[in-house]
Amino acid sequence: MIVRILGEGQFRVDDAATAELNQLDAVLETAVKHGDEAAFTDALRNLLAQVRAHGSPLPADILESSELILPHEDSSMDEVRKLLTDEGLIPG
Amino acid sequence: MKGTAARMGVMKRVSLVFKAKANKALDKMEDPRETLDYSYQRQLELLTKVRRGVADVATSRKRVELQMNQLQQQSNKLQDQARKALSMGREDLAREALGRKSSAQVQLDELQTQYARLQGEEEKLTVASQRLQSKVDAFRTRKETIKATYTAAEAQTRINEAFSGISEEMGDVGMAIQRAEDKTAQMQARAGAIDELMASGALDDAVGGHRDDIQSELDMMSASSDVERELAMLKGEITTGAPKQLEGGAQNGAGQAAQGAQAPQANQADQQSQQAQQAQPAGLPVSDLPGLQDEPQDGDRS
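Protein chains in written order, with the numbering used here: chain C, 1305 to 1396; chain Y, 17 to 318.
Okay, chain C solo, but in the shape it has when bound:
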């Protein structure tokens, strides 16, 4: 499975790590839902750390789209909310 961390690049992550990533992702989503900025920051940091730990960077000359995309490490909750809407932050 290919996972992208925005601003950082793509990683090939072993499928065995999926369950753990989903669990951390659920924590992240709950934090966004409740508007809990501190919990959000922690959850995002944990999630990114797991992707880096379980994944290996995809070579730059490989053109594949990612199954999962994660926000920038220093994203605010507000940025992530905008990212989730269609007319949000992605240019073009």
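What the hints contain is simulated information worked out from the structure, not anything from laboratory work.
No residue lacks a Cβ here, since even glycine has one placed at the ideal position from N, Cα and C.
Hints are not guaranteed to be accurate.
[To be verified] Examples of chain C residues toward chain Y, derived with CB under 8 angstroms:
#1 1323
#2 1326
#3 1367
#4 1371
#5 1381
Place chain Y on chain C using the hints.
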């Protein structure tokens, strides 16, 4: 149905938003192969843009670097002034100098934090630019292969794959440029505010020098205490005579230091009259010397 939507999570939703963007762009094209050339043009444009972005951030970073150096110099100078003022027994001046130094230091610390952030942004953008270059190269190769090998109908799936891969990268890089621009703008606003603060004299214009009231007072005191020291020496010669002076020369280190510290307090009335004399010669002859008058004007123009 509701259950799956709730469990989709942030990661999946963001990737779907990216994919929706790519599909929307693909749908606009009549001949799928047209998409390849059009997308390639946009990739090249984005590459130019991201390189310009890196250069802009670097320019901004250098400006902040200069400003940090200026603030550091100012801070050092104020520290020296405080030390000098204290050695002359002027605690009030020393306090003022240290107060300004502390303001300069606060600005410096804030700049340093922002500078580090800007540096991080520059690095990220540089890496993003290199990665995009590799992807664009890969895309070009694949584009040529697809055009040479497949008919329009057959090519569709492969075009979609290549296109969504590159379009995700382009979205990511586009965001990176936007973030770097935002941080650069914040930094420039901050730098502008500090420029204004420095021009106002609140941090003491150490570089320009013309508003430096602490320095001028210290200079005046220093000049008058030199006069005091010489005066005390002359008095010493007259009252004690030549042989005593020779003895004094042998141990002048300790003797002079003690004299320097005591002199201003002992002869305050004398000091005031000396200051008055000191001021006069500086004021009078300037108007008679055209050379001195011209100099500052030339300096202003250049």
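- Task: Closer than 8 angstroms between Cβ atoms is the bar; does residue 1381 (chain C) clear it against chain Y? Give me holds or violated.
- Result: 11 angstroms, violated
- Query: Holds or violated: is the Cβ of residue 1367 (chain C) closer than 8 angstroms to a Cβ in chain Y?
  - Reply: 4 angstroms, holds
- Message: Interface hint check: residue 1326 (chain C), Cβ to nearest Cβ on chain Y, cutoff 8 angstroms. Holds or violated?
- Response: 6 angstroms, holds
- Message: Does residue 1371 (chain C) hold up as a contact with chain Y if the rule is Cβ-Cβ below 8 angstroms?
- Response: Result: holds, 6 angstroms to nearest chain Y Cβ.
- Hey, does the residue 1323 (chain C) contact hint survive, CB to chain Y under 8 angstroms? 12 angstroms, violated
Going down the numbered hints, you'll see the structure goes against 1 and 5, while the others check out.
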